[in-house]
Amino acid sequence: MSIMTYLGAIGAAQREALTADERVVLIGEDVEANVYGTTGGTGKSRAAEGDFLQTFGRNRIRNTPISEESIVGAAAGAAMTGLRPIVDLSYSSFLYMAMDQFVNQVAKNRYMFGGQASMPVVFRSAMFYGLNTGAHHSDRPYPMFMNVPGLKIIAPASPSDAKGLLRSAIDSDDPVLSFEACPLWGMKEEVQDDEYFIPLGVGRTLREGSDVTIVAISGGVIEATAAADALAAEGVTAEVFDPRTLVPLDVDGIIKAVEKTGRLVIVDPAHRTCGAAAEVSALVAEHAFSSLKAPIVRLTAPDMQIPFSPALEKQMYPKRDGIAAAVRTMLGLAGAAA
Amino acid sequence: MSNELETKTLLEMQRRMLRIRYFDERASKMLKRGLIPGALHTSIGQEAQVVGACMALGDADYMTGNHRSHGHPIGKGSPLGPLMAELVGKATGICKGKGGSLHLADFSLGSLGESGIVGGNIPIALGAGLSSKVLGNDRVVLSFFGDGAANQGSLYESMNMAGVWKLPVVFLCENNHYALSTPAHTVTSGRIVDRAAGFGIPGVRVENGQNVLAVYEAVRDAVDRARRGEGPTLIEVMTYRFREHSEGLKLGVDYRDADEKEQWLQRDPIAIMREWLIAEGWATADELDALDNEVLDEVEAAYQFADSSPYPDASVAFEDLYTEVAGAGR
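Chain order of the listed sequences is A and B.
Quick note on this note's numbering: the first sequence kicks off at 1467 and runs consecutively.
Quick note on this note's numbering: the second sequence kicks off at 3 and runs consecutively.
For the record, the hints were derived by calculation from the structure and aren't laboratory data.
Source: prediction; values computed, not measured.
Beta carbons are placed, not taken as given, at the ideal position from N, Cα and C, and that holds for glycine.
Incorrect hints may have been included.
[Claimed, not checked] What follows is a set of in silico ranges between Cβ atoms, one per label pair, in the way DEER data are often shown:
no. : chain 1 : residue 1 : chain 2 : residue 2 : range
1   : B       : Glu326    : A       : Pro1761   : 47 to 55 Å
2   : A       : Asp1769   : B       : Glu246    : 40 to 48 Å
3   : B       : Gly155    : A       : Thr1671   : 41 to 49 Å
4   : B       : Gly155    : A       : Tyr1662   : 40 to 48 Å
5   : B       : Gly283    : A       : Pro1531   : 45 to 53 Å
6   : A       : Arg1738   : B       : Asp140    : 51 to 59 Å
7   : A       : Glu1725   : B       : Phe320    : 26 to 34 Å
8   : A       : Gly1728   : B       : Leu251    : 55 to 63 Å
9   : A       : Asn1525   : B       : Lys31     : 49 to 57 Å
10  : A       : Ala1748   : B       : Glu232    : 54 to 62 Å
11  : B       : Gly254    : A       : Ala1777   : 30 to 38 Å
12  : B       : Gly231    : A       : Asp1517   : 45 to 53 Å
[Said to hold, decoys possible] To give a feel for the contact side, a few chain B residues facing chain A, derived at Cβ under 10 Å:
no. : residue
13  : Met32
14  : Gly36
15  : Gly60
16  : Tyr64
17  : Lys100
18  : Ile124
19  : Lys135
20  : Ser317
21  : Val318
Isolated chain A (complex conformation) (with noise of 0.2 Å):
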């Protein structure tokens, strides 16, 4: 074990998947400088020469033009023809240049073709939200991909998660795209050195409780925990469930962490319409109704645009005292939160 950073744990996945395997390349801009810190060891961002491209050379590290659309289309038919790319597409508001490869081809060329393609490839882009660079850097668009058939879709939301999350993305032989959360970039916590591979469609219960369930997802989640920590003081215990993959979803983990409680809190960063937290407030309407004491409540970003100026846009996520306030509510405790 050693401590590492939600960045450094990126960069250690796509280490260990080069040197495993001498089909994984890594195309991108800005990827043989290092110029994210994902693509070589940590201190060496911006370096002349990232340390991958000195280990694995240029033949399988690629520095890209800015051509999202041809990238996610390269990618696709490298994959399809024998290769594993990874891409990193780095800001997630770039993926929507790249749409027609992603829907069209990407996630529609093995069935359409009945099979005959495997497309081995992942598409990482980091979602700069919180971070005032403003609506065009700031998107966290993983919902509008759930609804594309075909992608499997990872939001890890540790550094060990993104390890082994990142890992298995890399070895599956379907298209995955990664959505990192740079609020979590220096989070840092103990991962383990060796290779391990957390299997897509599994969440992580990270509290247990019986007086309200909190799914949260991606950025999300370090501020649920920080609420449930905060809610324990007051004698209130919240079950927080990560589902780490939103395709495929976890369905039976959410389920059962909504059973336990009968209580429901969704976090979400993403906009609030048919966004996640609406699907699964669907999920656990069609399969846990009866359990239900209380309406499921979604704390999610509205469905605005995103600001620049840190005065407006620090207001536009869910976060931690929000998140308890509103389980106060739901617990009918509301008096003692004000």
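Add chain B to chain A, keeping to what the hints say.
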């Protein structure tokens, strides 16, 4: 090439052009009779351009194509039965009935799939070229697209990346002069072939795209160049589709000039090749008539295969989305 081998190759070109012609004519009739559902785009009139290009490839080489899709896998040598069964939507279809006319693919012959999205297939070809380069397996990729797709940004992103990485990709523009009803010259600034210069790669125009040998030679040179590691080439082949954009499409206005159409119809690639083969002594009229009949029999057998095959079980609709589905989803 020995004389015998050359004869074999030349007759194979004619055979594959005939396969496309008769396959598409049969499919068109089947569509009219309601035996084929959905849309159908034939390659009739463009056989030389398709076959000349495909014959310049080896079996291991890759190819991607577009909505005018039947000719490409046929040109690459794909058996007709599973292709016809796919058009009908049968279980024995090359894509198990999930692709249809617009999305044929035969991975056993490097046919990586036809795309119903204009220009969407080009980056896929780029990626196959990247694979070839990284894995060092010497495969070349041929990307078919039309004059319509030549105005999609995906082409230029891909030409740039293929150029800078020197990938073994041949970008082949099938310029049949119309994007559905829109004349290419009304929406295309300059000549498509000249756009190669902007990327520092060779651009070659085959003016006589109805001559299979002219297309073959141009593509063969580009394939050789790609295999030598010298990078991509853009080839623009001037051709014409003899039929409507899609079968059964009836527009109020005839967007193609009658004289223009008549002139092109006189330039039938199969008739041109037939006359040449006889005139140059490669084959006799009787031998070519026999070839005709052989191909007609092949198409008939493909029809019988498709007709007698069962429809897929409904459960097949829920297969092949993923290779593996992990987790506990409901």
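Results for each hint:
1. B:Glu326 x A:Pro1761: 47 to 55 Å: 37 Å, violated
2. A:Asp1769 x B:Glu246: 40 to 48 Å: Holds - the Cβ-Cβ distance for Asp1769 of chain A and Glu246 of chain B, about 45 Å, lies within 40 to 48 Å.
3. B:Gly155 x A:Thr1671: 41 to 49 Å: 46 Å, holds
4. B:Gly155 x A:Tyr1662: 40 to 48 Å: Distance hint for Gly155 of chain B, Tyr1662 of chain A holds at roughly 41 Å.
5. B:Gly283 x A:Pro1531: 45 to 53 Å: 52 Å, holds
6. A:Arg1738 x B:Asp140: 51 to 59 Å: 52 Å, holds
7. A:Glu1725 x B:Phe320: 26 to 34 Å: 28 Å, holds
8. A:Gly1728 x B:Leu251: 55 to 63 Å: Since the Cβ atoms of Gly1728 of chain A and Leu251 of chain B sit about 59 Å apart, the hinted range of 55 to 63 Å holds.
9. A:Asn1525 x B:Lys31: 49 to 57 Å: The hint (49 to 57 Å, Cβ to Cβ) holds, given that Asn1525 of chain A and Lys31 of chain B are roughly 51 Å apart.
10. A:Ala1748 x B:Glu232: 54 to 62 Å: 56 Å, holds
11. B:Gly254 x A:Ala1777: 30 to 38 Å: Taking Cβ atoms as reference, Gly254 of chain B and Ala1777 of chain A lie about 59 Å apart, which means the hint is violated.
12. B:Gly231 x A:Asp1517: 45 to 53 Å: 28 Å, violated
13. Met32: 21 Å, violated
14. Gly36: Since chain A brings no Cβ nearer than about 24 Å to Gly36 of chain B, farther than 10 Å, the hint is violated.
15. Gly60: 15 Å, violated
16. Tyr64: Hint holds; Tyr64 of chain B Cβ to chain A Cβ min 7 Å, cut 10 Å.
17. Lys100: 5 Å, holds
18. Ile124: OK, holds: Ile124 of chain B within 10 Å of chain A, min 7 Å.
19. Lys135: 8 Å, holds
20. Ser317: Violated: closest Cβ of chain A sits about 14 Å from Ser317 of chain B, beyond 10 Å.
21. Val318: 9 Å, holds
The structure does not agree with the numbered hints 1, 11, 12, 13, 14, 15 and 20 stated previously, though it agrees with the rest.
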